[in-house]
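**Student:** Take a look at the letters that make up each chain.
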Amino acid sequence: MALETILFYVLGTLAVGSSLLVIGQRNPVYSVMLLIASFAALAGIYVLLDAPFTAVTQIIVYAGAIMVLFLFVVMLLNVGQEDAAEYDRSHPFNRPFVRRFGALLGIVFVAELAWAVWHVSTRQPAAIAAAAPGSVSSVREIGRVLFTDYAFPFEATSLLILVALVGAVVLARQDAE
Amino acid sequence: MITLNHYLVLSAILFTIGTAGVFLRRNIITVLLSIEIMLNAVNLTFVAAGRQFAAVDGQIIVFFVMTVAAAEAAVGLALVIALFRHRESLNPDAFTSLKW
Chain A
1 MALETILFYV
11 LGTLAVGSSL
21 LVIGQRNPVY
31 SVMLLIASFA
41 ALAGIYVLLD
51 APFTAVTQII
61 VYAGAIMVLF
71 LFVVMLLNVG
81 QEDAAEYDRS
91 HPFNRPFVRR
101 FGALLGIVFV
111 AELAWAVWHV
121 STRQPAAIAA
131 AAPGSVSSVR
141 EIGRVLFTDY
151 AFPFEATSLL
161 ILVALVGAVV
171 LARQDAE
Chain B
1 MITLNHYLVL
11 SAILFTIGTA
21 GVFLRRNIIT
31 VLLSIEIMLN
41 AVNLTFVAAG
51 RQFAAVDGQI
61 IVFFVMTVAA
71 AEAAVGLALV
81 IALFRHRESL
91 NPDAFTSLKW
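Chains A and B are the protein sequences, given in the same order.
At position 116 of the first sequence (counting the first as 1) the number is 116 in the numbering used here, and the numbers step up by one without a gap.
At position 59 of the second sequence (counting the first as 1) the number is 59 in the numbering used here, and the numbers step up by one without a gap.
Because the hints were derived from the structure by calculation, they are not lab data.
Remember, predicted model here, so these are calculated numbers, not experimental data.
Check each hint, because a few of them may be wrong.
With a straight-line cut-off of 25 Å between C-alpha atoms, the simulated SDA-like cross-links for lysine to any residue are [claimed, not checked]:
1) B/LYS99 <-> A/ALA172
2) B/LYS99 <-> A/PHE97
3) B/LYS99 <-> B/SER89
Using the sequences and the hints given, assemble the complete structure.
**Tutor:** This is the structure:
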């Protein structure tokens with residue numbers, strides 16, 4: 001039990017810290033690398049949550065495929081630093097009233113999330129607690145539910161992938177003329 | 001003892017970081033990365049709740065969210081490449097043709 005607590009805090013700090021650095025960076029290559037670290041920490045947290053299938057999918061799909069795609073585009077476009085100077089001075093967000101209003105909205109958002117989290121019910125129903133502990137983490141069970149109860153969403157997903165594939169090719173194509 | 005609340009608080013913190021990134025950054029690729037942070041925060045909520053209620057449905061929804069995230073990244077990055085070709089910039093404030 002103590003090990004779970006230690007691992008949760010270490011991995012959680014790693015995830016939050018690297019996510020903060022992602023949005024604190026000006027160089028997008030570092031941002032992508034730090035986001036991969038954040039996803040690895042989240043995969044560790046999924047292991048703590050008895051979800052090894054999701055943890056492995058997180059590493060393979062997110063860190064392995066999506067982030068490599070991001071890295072590929074960052075290096076293809078080859079823009080090192082973001083060009084902030086010429087737009088930021090005249091930007092309407094930089095007016096004092098707008099900035100104060102934005103800060104207020106941010107505080108309200110955090111307060112709202114904290115309120116929702118504190119009022120969530122954490123009592124565990126007895127019947128659920130008595131269920132087989134390994135059933136959630138079993139890949140066999142996930143596959144069975146995915147291909148029976150969720151068969152239609154699964155097939156719709158394949159259509160989504162096809163549309164995204166065609167859309168990406170059409171959007172990124174060079175004009176012929 | 002780590003309860004469901006701990007995971008929900010961690011997820012809320014990550015979601016807030018992602019939201020802040022969308023509003024603060026002036027680079028369209030970093031904005032897309034912040035959206036990925038927000039999607040991951042929601043995934044953590046789904047997995048934690050799924051474990052709490054001993055149901056695999058949470059992990060299956062995470063599977064679908066990952067699929068949508070992959071499609072979103074492919075189309076979003078194709079849009080970024082197309083926009084960069086037209087404006088030679090990744091600053092979202094450079095793309096104002098639809099503004100009046």
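**Student:** Hint by hint, note whether the structure agrees.
**Tutor:** Status of the hints after comparison with the structure:
1. Pair hint B/LYS99 plus A/ALA172 holds up; C-alpha atoms about 23 Å apart against a cutoff of 25 Å.
2. The hinted pair formed by B/LYS99 and A/PHE97 meets the criterion: a straight-line CA distance of about 22 Å does not exceed 25 Å.
3. Annotation: proposed proximity of B/LYS99 to B/SER89 holds, straight-line Cα distance about 17 Å (limit 25 Å).
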